[in-house]
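Asks: Sequence:
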Amino acid sequence: MKTIIIILCLSLAGCAGAVKDIGKDYAAASKELKQFAKITSADWLFGSGIIRGAIPEDALPKWVVSELDKIDAWFEAHTSLTDKQLGYILGVRIRMAAPVIKAAIQQYAPGILSIAEVATVLAFIGL
Numbered sequence: 001m002k003t004i005i006i007i008l009c010l011s012l013a014g015c016a017g018a019v020k021d022i023g024k025d026y027a028a029a030s031k032e033l034k035q036f037a038k039i040t041s042a043d044w045l046f047g048s049g050i051i052r053g054a055i056p057e058d059a060l061p062k063w064v065v066s067e068l069d070k071i072d073a074w075f076e077a078h079t080s081l082t083d084k085q086l087g088y089i090l091g092v093r094i095r096m097a098a099p100v101i102k103a104a105i106q107q108y109a110p111g112i113l114s115i116a117e118v119a120t121v122l123a124f125i126g127l
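Here the numbering used here is used: the first residue of the sequence shown is 1, the next is one more, and so on.
There's no promise every hint is true.
Label pairs and their computed distance ranges (CB to CB) [to be verified]: (1) Ala27 with Arg52: 32 to 40 Å; (2) Pro99 with Gln35: 24 to 32 Å; (3) Ala28 with Trp74: 44 to 52 Å; (4) Ile101 with Ala77: 33 to 41 Å; (5) Asp58 with Tyr26: 38 to 46 Å; (6) Gln106 with Asp25: 34 to 42 Å; (7) Ile50 with Ile112: 29 to 37 Å.
Because the hints were derived from the structure by calculation, they are not lab data.
These numbers were taken from a predicted model, which means no experiment stands behind them.
Where is the CB? At the ideal position from N, CA and C, for every residue including glycine.
With the hints as constraints, model all of the structure from the sequences given.
Replies: Right under this line is the structure:
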């Protein structure tokens, strides 16, 4: 019985250490991700302008244009953003990647590649 209690105590101590390590890893990753969000947000309006200048609005899903408008307005109204806004911007960048890349390929690739090659590129990247 004593052996079981000792093994149980050691197991719990190991689990507590693992949870503590996970917490430290999460905190470090969160801090780095927040810094990345600040850095990439610094050029949001520039990137938004590139997307708007290179891809016609009707080639993008309506929600992409809506998100661009929403976040552009944040930057035009404020010089600093909340942590929630920074996280939202990072999430929108991730969510917008596929439709923006797809629209750019559909806009420009046919002039460079054959239709079969464009279809292959879109299929390769899962679009």
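Asks: Please go over all the hints and tell whether each is borne out by the structure.
Replies: Outcome of the hint check:
no., hint, result
1, Ala27 with Arg52: 32 to 40 Å, "37 Å, holds"
2, Pro99 with Gln35: 24 to 32 Å, "27 Å, holds"
3, Ala28 with Trp74: 44 to 52 Å, "28 Å, violated"
4, Ile101 with Ala77: 33 to 41 Å, "29 Å, violated"
5, Asp58 with Tyr26: 38 to 46 Å, "42 Å, holds"
6, Gln106 with Asp25: 34 to 42 Å, "40 Å, holds"
7, Ile50 with Ile112: 29 to 37 Å, "19 Å, violated"
In this structure, the hints that do not hold are numbers 3, 4, 7, in rising order.
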